[in-house]
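In order, the protein sequences belong to chains A and B.
Straight run, no breaks: the first sequence in this note's numbering ends on number 1399.
Straight run, no breaks: the second sequence in this note's numbering ends on number 1187.
Since the hints were derived computationally from the structure, they do not count as laboratory data.
From the three backbone atoms N, C-alpha and C, an ideal C-beta is built for every residue, glycine too.
Please note that a few of the clues may not be correct.
Stated by the list, open to error - Computed footprint of chain A on chain B; a stretch qualifies when at least three of its residues, placed anywhere within it, have a C-beta under 8 Å from a C-beta of chain A:
| hint | stretch |
| --- | --- |
| 1 | 767 to 779 |
| 2 | 791 to 805 |
| 3 | 914 to 923 |
| 4 | 938 to 946 |
| 5 | 974 to 982 |
| 6 | 1128 to 1138 |
| 7 | 1142 to 1153 |
So the chains spell out like this:
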Amino acid sequence: MEREKLIETMESILGPQGVVSEREQLRTYECDGLMNYRVIPELVVLPENAEQVQRIVAVLYDEGVPFVARGSGTGLSGGALPVASGVLIVLARMRKILEVDIPNQRVVVEPGVINLWVSQEVADEGYYYAPDPASQVVSSIGGNLAENSGGVHCLKYGFTTNHVLGAEVVLADGSVVHLGGGKAPDSPGYDLLGSFVGSEGTLGIATRITLRLCRKPESVRTLLAAFEDTEGAGGAVSGIIGSGIVPAAIEMMDSLCIQAVETAVAPGFPDAGAVLIVELDGPEAEVEQQFRQTIEICEANDASEVRVAEDDEERALFWKGRKAAFAAMGRISNDYYVQDGVVPRTELPAVLKKISDLGAQYGMRVANVFHAGDGNLHPLVLYDNAVEGEAEKAEDLAGDIVFVCLEHGGSLTGEHGIGEDKKKYMPKMFTSEDMDTMQLLRCAFDPHGLSNPGKLFPTPRLCGERPGPYQMHPVQKAGLAENF
Amino acid sequence: MAATGTNVHVGQIRSIVGDANAREATENDAIDGVAPHFVAEPESVEDLSRLMSFASGEGLAIAPRGAGTKLSIGNPPSELDLVVGTANLGGIIEYVPGDQVVRVEAGISLEDLQERLESEDQMLGLDPPEKRAGATVGGIVATNSSGPRRLRYGTVRDLIIGITVVLPDGTVAKAGSKVVKNVAGYDLSKLFTGSVGSAGVIAQANFRLHPLPEAARTLAVEPGGTREAGEAAQAVMHSQAEPSAMELHWSADGGTLTVLLEGIEAGVSAQSETVTELLSSFGEVRTLTSEEADALGPQEPPQVGGDEVVLKVSAYPAALSEVLDLVLGAAQRGGLWPRITGHAGSGVLFAGLSGGAEEALVGAVEEVRGAVLRGYPGGSVVVHEAPLAVKQRVEAWGPAGDKGPLIRRVKERFDPGGTMNPGRFIGGL
């Protein structure tokens, strides 16, 4: 379809205010949170409801035009990077909380709803939505679903995938399916919902999402402990986990990170080699006893200071320091590269040592802030883009760090996703058989590879579909659902 | 498969998995009355891969099997030639207690695994009723089986973090990892959870673990009726107590609601007070002895060859009393004896119906299914156990809904020859 005709068709579905086609305006959407990849899409469309999404996708399918879905665009792996000849479907106008069902502890939302809004909506009823990525004030539920977002509290409560119970999905051919039982558990058949969550927009677009709500805990206790170095802090982490305590969160920051955060938001963190923020929540009697035990473990591991948050305000201050960590790097370095790798918890000391060695070898500073409880590292490689070759060097160093994670039995990414950024590394973690098998799923959902093409896998698998114009599969035309 | 090929196949299967690990099948290997020709139990993933590649090349219909404790699940097979057992794949591959992660071969029994984990004060948070019968980890994943503690720890999908599968063409593929937090690649662990051997054989699985609770207490109350049972469950669900399980045990004459509290002693005893207070308006609250709690336990599977139909009814958690009424009503109308247990906080009831003729059982299944599908969109009624004559008349899984064609496409991609457990999966796939 010619560009003009495509614009016209999209405007007939969305009205002129729902279509962006001017080059300067399109530039707004050329990247997501990972800014070193930029592509200007052919067109941006802004649907306001599920039916419009379905109609848009059906048109694109008939015309063989690829598309990329985007929520708030905060992703850090280029998952919402547009494709040049494709349409970017921005879901930010689909922001309705459709249903709050407290008796069943569920909420139904549109994909553009901001993560934090869900908790705000149900706070008065004593509930909240557990996954809390650092981006939660801006990132959308649809984007969280696509990336299987984590957060600081996922050690105890799990990830987005554990809290998404149903999704209405528009598949690449424009058909609509309901995955997962929604309010009812254990939908029989393949767990297609579980496969869809975290598929980074490559299997379709969720237009309506059912989430689990959690009851607010009776008690929350938070402490900040300072250590001479990350090794001491790591010892405390092992001690806490080894004692059978399941903390709501354990976060670690090294001295460079503390320094940056102090410069940026001044939470009053102690001047130390490393700090831990540990939070316990749950029934009060349990939390009280285990919190005392946690303090003892920190002290036994030579904590130079243990500061207990006396009230919500102080707790918020601790978390402000932690959540500001990425952005704070701007105060001590012109540019920084955020890495996201995972290692088995017991490998943390060895891996931190290797990261520090690699930094020395490259002659670059690396700040460390991470989810220590689940071994999810976020090394921040500091560099100066104005210096020729530094950006490449930083990316190489970040790549070497993630290879160290793999050597120690870990993963390429714990929460930021593969997207555009890490697809080249996938063969380091998975064999071609692994990736071909994963792509069988892609072939079942989207045989023509129209939904977010080129992401996640280094090379797309051909699905053995007949070449030629895109056509409705005969079984779909025949309405297979009835004789299924 | 041509009958004349039988001997040739046995020889080839033996040459792949070793003489001791292959045999001709007996009547005991039959699934819903359909007898296979051979049973092979490979000792390694490599042998399993070669076996699968050979068998699907020959067009043999394959049923993967763990301990065989849940072979009654699904529709009767449309064909069956070869049972691929995981009895010789029963090891722990890697267990680092400090990581709270374990990697196992699919054929290990959950009981053996838990015993090993308990020695490190850890556990896998799965407690399906077939555990006592020796169910394997692979079988539990393949059937998406769960138990009372799902209220706290979730189900297989929440605990599995990595998988190795062997596809019908012999491809060995893994997904996930051995770290709890990982978003690299598609999550095939979840795809294979509940796949009932329809897409390939699960060879290995990785799980996140939890600390073993130090203390446990089970409280019980006998609510006056189904409405009170529902209200009692809601009261606990919306409180700040964090029970590990909340189970309903019900018959035509009423029943019991139990609440399992676990953790450290101080927490358990404080929570017991809270929950006792919540439940006391519904009847006298008792603390069960561990023997009493065990005896009540999750529902035991019915006698093989019995006349009981066991349905898994999934509906909305807050609709407990309505669903209970609906099942009891159907039983009464059919003149059937109901035996109900359920995960009261999760929206899952297991309803055993017996004591009636085939016609009455079929009618009750259809009545319950119809009412659940109408009343609770997204809900389902799955026939877990039933006499063969009943299974031949009702669809085991119920309708697949609008995702039916997508399920079919997934099946066709993973098993293009249609040799994996043909007929048994949803939609007769």
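Each hint tested on the structure:
For the stretch 767 to 779 of chain B, the assignment as covered by chain A is violated, since 0 residues bring a beta-carbon within under 8 Å of that chain's beta-carbons and 3 are needed. Check result for the stretch 791 to 805 of chain B against chain A: violated, 0 residues qualifying (beta carbon to beta carbon below 8 Å, three or more required). Residue count for the stretch 914 to 923 of chain B with a Cβ under 8 Å from a Cβ of chain A: 3. That meets the three needed, and the coverage hint holds. Coverage of the stretch 938 to 946 of chain B by chain A holds [criterion: at least 3 residues with CB-CB distance below 8 Å; count 9].
Evaluation of the coverage hint for the stretch 974 to 982 of chain B: breached, as 0 residues show C-beta separations to chain A shorter than 8 Å, against a requirement of three. Under the rule that three or more residues need a Cβ within less than 8 Å of chain A, the assignment of the stretch 1128 to 1138 of chain B holds, with 5 such residues. By the rule of at least three residues with a Cβ nearer than 8 Å to a Cβ of chain A, the coverage given for the stretch 1142 to 1153 of chain B is violated, with 0 such residues.
Violated hints, in rising order: 1, 2, 5, 7; the structure is consistent with all others.
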